[in-house]
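These protein sequence lines map, in sequence, to chains A and B. Every letter in the first sequence is one number past the one before it in this note's numbering, and letter 304, counting from 1, is 287. Every letter in the second sequence is one number past the one before it in this note's numbering, and letter 146, counting from 1, is 424.
FYI, nobody ran anything at the bench for these hints, they're computed from the structure. Do not rely on the hints blindly, as some may be mistaken.
Stated by the list, open to error - Under the rule of at most 20 Å between Cα atoms (straight-line distance), these lysine to any residue pairs were calculated in the SDA-like manner:
{"id": "1", "chain 1": "B", "residue 1": "K504", "chain 2": "B", "residue 2": "D560"}
{"id": "2", "chain 1": "B", "residue 1": "K576", "chain 2": "B", "residue 2": "A521"}
{"id": "3", "chain 1": "A", "residue 1": "K310", "chain 2": "B", "residue 2": "V497"}
{"id": "4", "chain 1": "B", "residue 1": "K574", "chain 2": "A", "residue 2": "E158"}
{"id": "5", "chain 1": "B", "residue 1": "K371", "chain 2": "A", "residue 2": "L187"}
{"id": "6", "chain 1": "B", "residue 1": "K402", "chain 2": "A", "residue 2": "E158"}
{"id": "7", "chain 1": "A", "residue 1": "K421", "chain 2": "A", "residue 2": "L(-1)"}
{"id": "8", "chain 1": "A", "residue 1": "K310", "chain 2": "B", "residue 2": "S362"}
For reference, the chains in residue letters:
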Amino acid sequence: MSKTAKIFAARKILTLNPDYPEATHVVIKEGKILALGSEQDMQSWDLPIDHQFSDKVLMPGFVEAHGHAMCGETWRYTYLGYDQQFDPEGKCWPGIINQQQAIERLKAAELLLTDPQTPLIAWQYDPIFWQDQQKLLDRWALDQVSATRPILVMHASGHIINVNSALLGLANLNETLDIEGLMRNTQSQLTGELRDLASQFAVLRATGNPLCGEVDLGILEQYAKLATNVGVTTASELYASLDDDSMSSYKTVSNQDDFPLRFYTAQNAETLSIEQGLARLQDAQQHCNDKLYIGSCKLIVDGSIQSFTARLEWPGYHNGVANGAWKQAPQTMRQMIHDYHKAGVQLHIHVNGDQAIELVLDILEDVLSQYPRADHRHTLQHCQLASEAQYKRIAKLGLCVNLFSNHLYYWADQHKALTMGTYRVQRMNAAASALKHKVPLAIHSDAPVTPLNPLFSAWCAVNRISRSGVVHGQSQQISVEQALHALTLGAAYTLKLDHLIGSIEVGKFADFAVLDDDPLQVDKHALKEINVWGTIVSGVPHQSACRN
Amino acid sequence: MSNPLQVTSNPEKAVPFTVIGGFLGAGKTSLINHLLKTASQRYAILVNDFGALNIDEKLIAEHNGDTIALANGCICCSLAAGFSQGLGLLLDKIEQFDHVIIEASGIANPKRIQDIARIEPRLKACGNLVLVDASALMQHAQDPYTDQLIHQQIDAADMLLINKQSLIDCHAKHLLSDYLAQFSQAPQVFTDWGHAAPSQVLHLPLLNRTPNPLLEQLVNHGLSSKVLKSDEIISSHKFDQWASQLTGNILRGKGLLTFSDRAGTWLWQLSAGQSTLRPFSDETVEHSYALILIGKQKALIPNTIEL
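All chains, please: the whole structure from these sequences, using the hints.
Take a look at the structure:
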C-alpha cells in the first residue's frame, strides 16, 4: 500500500464510473481512491503529483473472474502451444506449429535439466492445428529428445497425454495391455498417446503429479506476474482446494504489503461432502483480508464442448458423437445446490452445454422459490450455449453469467466444423443476449486454458473473429465499452467485490491498469494490440515484465 | 516430487483390486459397511465420503484427516483430495493390505478404474461389482439425463448385484433380469441391504467384453424401452401374428407369456429380427404376459399386444 497520499496524473483516466466517466488526475490515500478530477480540481489538494503516467491511460485494474493459479505452475514446464505466449518474466515463446519445432524446443529444455531422473514436462500441445498430421509428437518423436529421461506432454485440452518410451516403461505400460485409451498405430504398437484415466494415472504418478492444480507460494507469485503483465489487479482461483497447504500460501502472499494481486477463491466443492465443504469454507474465511477473498463455492455440472463432454439438448453434437458426461449425477447436483444455497454460500456453477444449463435452471428455480435470498449472485460459468429462452430464465432467477468469449478466437472454426455447425456457433457465448436481458455479464479466459489477457478477451467479445479470420455471430458482438465493463465492474460484480474494485470511485482500492493507448479511441480490431505498461495496486505501481 | 514408481513386478505379491460401481442409491455404502463388519482380511477401502459409513467407534484405531484406521487392520481413505492422490497414497503402502476396494462415484464408469489394476504390477484386477437398485433401475435407465451412464455401468460389470430385491415382485425381477441381460453377460445376484459374501463378490472372473450394438445405439442415438403387462389371455396365434409384425424400431424383446390355447408358461425372445418362443415352465404365471420391448423411438413401441 502506498503510505503517503499523492496524485497520479494521466493522459486520460477511464473510470467506468457513470458519474464521472473521464478524468486526468486521481488522488490516492492509504491505498484507496480519495478523489478524482481534472488538473484544476487538484489545486485544492496540497499533495505531490506523480507524473510518471502522464502519457498513459489509466483504467480500473482488470478483474479475471474465472482463472486458475495453475497458469503460474505451467511456466515451470516447456510451452508447446500453437500461438505465441508470454511467460511471467515477459519472455515471448513463439507458437509451435510442427514436429520439428517441438523437438527442438524440447531438446533445448532437456539440456537445462541436470538430474537424469527429472521428468521433462511440456504443456499446451495442440496438434489439431498442425498442418502435417503424419508427424505428431508420438513416442518415436519424443524418443529423439531423450531415450532415457521420462517425457510427458500434456495436450491443450488437458484430457490427452503423450509420453516417450522411457516413461511408458517407467509406468509399466506395454503392448500386452488391452486397456481403453492406450493408443496404438496400425501395427498395434503403442504410440505413447494416452486418452483415459488408468494410463494417465500411471504416468502422472511416475512423474510426481504435475499440473494437478495444487498451489504453492511460487505458483501464486508467478500468477501475480502474469496478471501484472496484462493489467489484471484481481484474479481468481475458481477451483480452489482450501486445504492447509494452499491456505498457508494464500495467507503468505496476501499479507505481503506490496504483493501486486488480489486473490479471489471459489472452493472446489466436488470431492468434499457438503458438511466438510461448509466447515472448510468457514475456517478459510477467517483469513480473508484486503488481498484475499474466500466464501464462495465452485460446482461443475458438465464437461467442455471441444472435448465433446458438454451435455447438449437435441440435436446434440454436429458430428453425431454421443452426448457428453455429467461431472456429478444430476440428483447429486440438486442436493449440492440446495444445501450450499441454503447455507448462504454464493455458487459459481460450471455449465457449458444447453442441457447442463437447463438442469441448473430447473434446480435453481425450485431452490430459489423454497429459499428466496436477496442478492445471491449465483453465477453460471462459461455458459457457452444458453438459448434466448434460457437467458430469459437466467434473468428472472437473478443469475449472473461469466462467458468464455476467448473460445470464439481459438476454437470457433472447430466448433463450426465439428461440435456445433454453422448456425449454433453464431450463438456461442451470447454476450449481446446477456446484456439484452439485463443479465450481469463478465468475460473470462479460464487461464491457463487460454492465456490471461483481458484486452484480448474484450477483443474476442467485440469482434467475434476466429483464428481463420471469420466473424461468427455478428448479432452477438458487443461494444468496446460493454466489453471493458464486463472485464472490470461486471467481473467484480460476479465476485461480490464491486463495492471495492472494478471502477474508479472514491473509497475503492487504488487499483489500475496502465495502458499506452485509450481502448475507446483505437479501432475495435486493434484492441488486443494495446500495450500494457503494468498495473497500480493499492496505489503502488508494478511494471509489466514485458517492458524490461 | 514423490519417487518414481519402481518396476518390481512380482505377480505373486499382487494385491487383489475390486471396483464397486453403481448409480446413486444402489447400495454401495451399505455393501461397504457390510464388508467392513464381516472383514476377515485387511481391506483398504477408498470411499467418496466417510459421512455415510457406519463404523463402530470401538473399532476405530485412528482417525487421521482423510484416513480411518480400524483395529482389524482395515483402513478407509476418503477421496476428498482427489482420486489420483488418494489411490497414489494407498499404493505407497500397499504391502499392508490384502485387498483394495474402490467405491466408484455414482457416475463413474468402473471399467476405467479397473484398468489401473491391469497396469500396476502390484495390483491384481479382481473385477467390477456393479450394484443396481432393483426398485429404481428401470426409471434411471429411461431418464435421458442418466440413461447413458447407467448402461455404461451395467456394461462394465463382471457381476451385477441387484440390491433392494424385496421392493419388487417376482415378475418385476424377471423383467429386470431380462433387461439387464440385454446389456451384460455378467452373472446376476439378487440381494437386500448389500448383503453379499466377500468370497462371492470380491474375486470375480473378468468377463471378455465384445462391443454391444445395443449399448452403442443407446449412447449414440438413444434407446427406449417399455414394459407390457396384462391379465388378458391371448391366443398363441394372435401373439405370433403380433410378434411377426414388430418393425425395425424394436431391437430386442423378452418376456414370459401364457396362452389360451397352450399349456404352461412360454419364454419369448426377439433378437436380430428373430422371434422365438419356447417352453419355460409348466406353471402358469400370474400375469398372462409380462414383456419388455427395447426400441429406438419410444412413440413407436407398442403399449399392448394389439394388432
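Checklist entry - Between B:K371 and A:L187, does the CA-CA distance stay at or below 20 Å? => result holds, 18 Å
Next on the checklist: Next pair to validate is B:K576 with B:A521; report whether the Cα-Cα distance is within 20 Å.
Outcome noted: holds, 17 Å
Next on the checklist: Against the 20 Å threshold, does the CA-CA distance of B:K402 and A:E158 hold or violate the hint?
Outcome noted: This hinted pair holds, its Cα atoms lying about 18 Å apart.
Next on the checklist: Check whether the Cα positions of B:K574 and A:E158 lie no farther apart than 20 Å.
Outcome noted: violated, 38 Å
Checklist entry - Going straight from one Cα to the other, do B:K504 and B:D560 come out at no more than 20 Å? => result Not OK: B:K504 and B:D560 at ~27 Å, beyond 20 Å, violated.
Checklist entry - CA of A:K310 to CA of B:S362, is that 20 Å or under? => result holds, 16 Å
Item to check | Hinted pair A:K310 and B:V497, Cα distance within 20 Å | outcome: Given pair A:K310, B:V497 holds - Cα atoms ~17 Å apart, limit 20 Å.
Item to check | Distance restraint between A:K421 and A:L(-1), which requires alpha-carbon spacing of 20 Å or less | outcome: The given pair, whose Cα atoms are some 18 Å apart, holds under the 20 Å limit.
Hint compliance for this structure: hints 1, 4 are broken, all remaining hints hold.
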